[in-house]
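Same order as they appear, the protein sequences are chains A and B. If you count by the working numbering, then the first sequence holds residues 1 to 113, one letter each, in order. If you count by the working numbering, then the second sequence holds residues 1 to 112, one letter each, in order.
Because the hints were derived from the structure by calculation, they are not lab data. Just so you know, not all the hints are guaranteed correct.
Unchecked claim - As a list, the in silico DMTMM-like pairs of lysine to aspartate or glutamate whose alpha-carbon atoms are at most 20 Å apart:
1) B:K5 - A:E24
2) A:K22 - A:D85
3) A:K18 - A:D85
4) B:K68 - B:D55
5) A:K52 - A:E24
6) B:K68 - B:E42
7) A:K18 - A:E84
8) A:K22 - B:D24
9) B:K56 - B:E42
10) A:K41 - B:D55
11) A:K41 - B:E42
12) A:K19 - A:E84
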Amino acid sequence: ETGVTQTPRHLVMGMTNKKSLKCEQHLGHNAMYWYKQSAKKPLELMFVYNFKEQTENNSVPSRFSPECPNSSHLFLHLHTLQPEDSALYLCASSQGQGFAEAFFGQGTRLTVV
Amino acid sequence: DQQVKQNSPSLSVQEGRISILNCDYTNSMFDYFLWYKKYPAEGPTFLISISSIKDKNEDGRFTVFLNKSAKHLSLHIVPSQPGDSAVYFCAASAQAGNMLTFGGGTRLMVKP
Numbered sequence: 001e002t003g004v005t006q007t008p009r010h011l012v013m014g015m016t017n018k019k020s021l022k023c024e025q026h027l028g029h030n031a032m033y034w035y036k037q038s039a040k041k042p043l044e045l046m047f048v049y050n051f052k053e054q055t056e057n058n059s060v061p062s063r064f065s066p067e068c069p070n071s072s073h074l075f076l077h078l079h080t081l082q083p084e085d086s087a088l089y090l091c092a093s094s095q096g097q098g099f100a101e102a103f104f105g106q107g108t109r110l111t112v113v
Numbered sequence: 001d002q003q004v005k006q007n008s009p010s011l012s013v014q015e016g017r018i019s020i021l022n023c024d025y026t027n028s029m030f031d032y033f034l035w036y037k038k039y040p041a042e043g044p045t046f047l048i049s050i051s052s053i054k055d056k057n058e059d060g061r062f063t064v065f066l067n068k069s070a071k072h073l074s075l076h077i078v079p080s081q082p083g084d085s086a087v088y089f090c091a092a093s094a095q096a097g098n099m100l101t102f103g104g105g106t107r108l109m110v111k112p
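Hey, can you work out the whole structure from these sequences and the hints?
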């Protein structure tokens, strides 16, 4: 248990669906991140929030829409995804915007059909 | 173009022997390096780190070596245990506390 919880753990969605991934951290951290891990690829940073403000958007398509209502919660809203968006989506948090020694959630395994 | 590369996708080692995982980087601005470990169905967990002002950092069975001139770092696990079987990711940042760039990972299998 890392103190970062992601739900759901698995998600299968059609290309016309709208779904949301949720991340919650109980560590008192003020920075939260979304990462994508595709098969045989390095972890890719998607978004960074620091004190609820988005500080990084790594050229992510608009069909992925993040939301950070407070420093403990982070959402990733999904809309009209493509099959190639199927991947493991990882949330992480850290103290400060720094990423060193960030704590990761268990991830959501997303399959787009 | 990947700035952090782990050229061995997998490594198999006998229990009790040494495991050596390698990582190469191209960005000379990187000055902080970390290793993460990932079990199936879990997120990565931080393992050990090293700053560019050092060439070695040790924590129990885990030692990270940094060769700045070669832009190469390695993680040594000795003795290796079956519970060490996981995917290991190397990561680097340009400043301590900045965003990390990850390698593709190496799957380590430690056989009893």
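With the threshold set at 20 Å, check whether the alpha-carbon distance from K22 of chain A to D85 of chain A stays at or below it. 17 Å, holds
What's the verdict on K41 of chain A and D55 of chain B, does the C-alpha distance respect the 20 Å limit or exceed it?
28 Å, violated
Is the Cα-Cα distance between K22 of chain A and D24 of chain B 20 Å or less?
-> Distance ~34 Å between K22 of chain A and D24 of chain B Cα, so the pair is violated.
Regarding the pair K68 of chain B and D55 of chain B, is the alpha-carbon distance no greater than 20 Å?
Distance of about 8 Å is within 20 Å: holds.
Decide if the proposed pair is consistent with the structure: K18 of chain A and D85 of chain A, CA atoms, cutoff 20 Å inclusive. Roughly 14 Å between the alpha carbons, so the hint for K18 of chain A and D85 of chain A holds.
Holds or violated: K41 of chain A with E42 of chain B, Cα cutoff 20 Å?
-> Given pair K41 of chain A, E42 of chain B holds - Cα atoms ~17 Å apart, limit 20 Å.
Check: If you draw a straight line from the CA of K68 of chain B to the CA of E42 of chain B, is it 20 Å or shorter?
Finding: Outside the cut-off at roughly 32 Å; violated.
Margin query: Need the status of pair K18 of chain A, E84 of chain A: alpha-carbon distance at most 20 Å?
Written below: Distance of about 16 Å is within 20 Å: holds.
Q. Does the structure keep K19 of chain A and E84 of chain A at a Cα separation of 20 Å or less?
A. 16 Å, holds
(Q) What's the verdict on K5 of chain B and E24 of chain A, does the C-alpha distance respect the 20 Å limit or exceed it? (A) 31 Å, violated
Handout entry: Agreement of K52 of chain A and E24 of chain A with the hint, judged by alpha carbon distance not exceeding 20 Å
Key = 13 Å, holds
Take a quick look at whether K56 of chain B and E42 of chain B sit within 20 Å of each other, Cα to Cα.
28 Å, violated
Going through the hint list in order, the structure does not satisfy hints 1, 6, 8, 9, 10.
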